[in-house]
Amino acid sequence: MKKIFYITIGLCIVLSFGFISYPIDGYERTGIKRLYQLQKMQIDSVPYNRIPFGAYKKLDEIKLNLASRTEDSINDLLVSDSDFQKRINRLIPSGAYSVSVLDMTNPDALKYAGHRENVGYQPGSVGKLAVLNAVFTQMAKVCPDSWEDRIMYLKDIQVSARYWGTGDHHTIPIYDIEKDKLIKRQVIASDKFSLFEWLDHMVSVSNNGAASVMYREAMLMAAFGSDYVNLTEEQGENYFKETPRDSLTNLANTVVNQPLRDLGISEDEWRLGGFFTRPPGKYVGRKGGSIGSPKGLMKWLVKLEQGKVVDENSSLEMKRLMYSTDRRIRYARSSRLDSAAVYFKSGSYYKCDRVKDPNCRDYAGNVFNYMNSVIIVEHPNGIKYIVCLMTNVLNKNSAGAHMYLASKIDDLITNDNEKPEEQLNENYKDTEDQGGGDN
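Sequential numbering from 947 applies to the sequence shown in this note's numbering.
No lab work stands behind these hints, which were simulated from the structure alone. Here a beta-carbon is modelled for each residue, glycine too, at the ideal position from N, C-alpha and C. Please note that a few of the clues may not be correct.
[To be verified] Now the in silico label distances, taken between C-beta atoms and shown as ranges:
#1 D1091 x E1007: 23 to 33 Å
#2 T1016 x K1125: 45 to 55 Å
#3 D1126 x V1065: 46 to 56 Å
#4 D1257 x L1128: 26 to 36 Å
#5 Q1181 x K1087: 11 to 21 Å
#6 S1136 x E1188: 17 to 27 Å
#7 K1228 x D1029: 51 to 61 Å
#8 S1193 x K1032: 48 to 58 Å
From just these sequences and the hints, can you work out the full model?
See below:
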């Protein structure tokens, strides 16, 4: 009944104020064209059932939930609550599951629980959040005195994919405003988008090529500083051709990982080893390998909610880029979350031994099979929490298991803060399951 109530409220708001979602505000601010298409569909009353009610949120409705706790250290905020811990533990399946959960419904009385939360996993595409962090870190150095200039450059600077962005099977949405036409295809070398659009391609559809393009741009920002805003593509390419490979490799490693260290996240808790596509390897090597733990990722998300990732404006903008306004998958697909706003990143990395099993399937590796989900959930009734889930369950696509666990955790936190929701039966079927990475 509660879910029906939220849906009714959502419909009333839409009817009262027109198209009130994040996309309409997002296009004006960022120039991300796929958001304009959603605006136009709403204005033209075109039915659109791809996204649930929780995806319709205004730009200025997105807030930081722990801004009142900026003076508290991460260790003071992530203290296990013994009763909450016991009940979370009962929900976690046996085997290679690791999770950290923070109920932040009441910012002054946080409840934290972790299960094997310090175990390291290959983060897959969740690691793209480190690139997002790197870009905003470097933009703050390029334009230290003006937040408005940073937003302007993210919207106005256009860069080409070139070889950096090629080689990924994941598609990107390309919307032609004049022709009112949307196509989805892989990135090609001639593709040219704004920095904001490349960031959106990296986060919303988890495109590996987009991640490599923005990784490249973060390196160029670090190398050229304030001169970056006038940098030509030829100058950028010459920089990579003329700089020694070991220097570029060290810079690449520092650009994405030092900001994490500065936040108090250790090398064993979260690090990124290199680019998400192979072509950049001609100039930039890998270093240290990639690893992530639920605790390390939770630390980053808590810092984000505090407004401490770079600064408050940057933290909020990164959270907006994580706001899901597209088809929800895996953990985020739980029907319990339909009325909730979710800020989500999923990732996977798997390997199949075809000799052992010729029928080994995608996302069901028999050598390793990492699947990871990080999510901030905000229900309309004020219930808010963060979950970082990482698994390595062989021979099984864990997308359905992530979804079922999402429902159980949501029920538990809802029960703590309000009356339990009516139980719903869920079946996970998704022939387009994506969101993974090859890194």
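Practice task
Please name the hints from earlier in the document that this structure breaks, with their numbers sorted from lowest to highest.
Solution key: none
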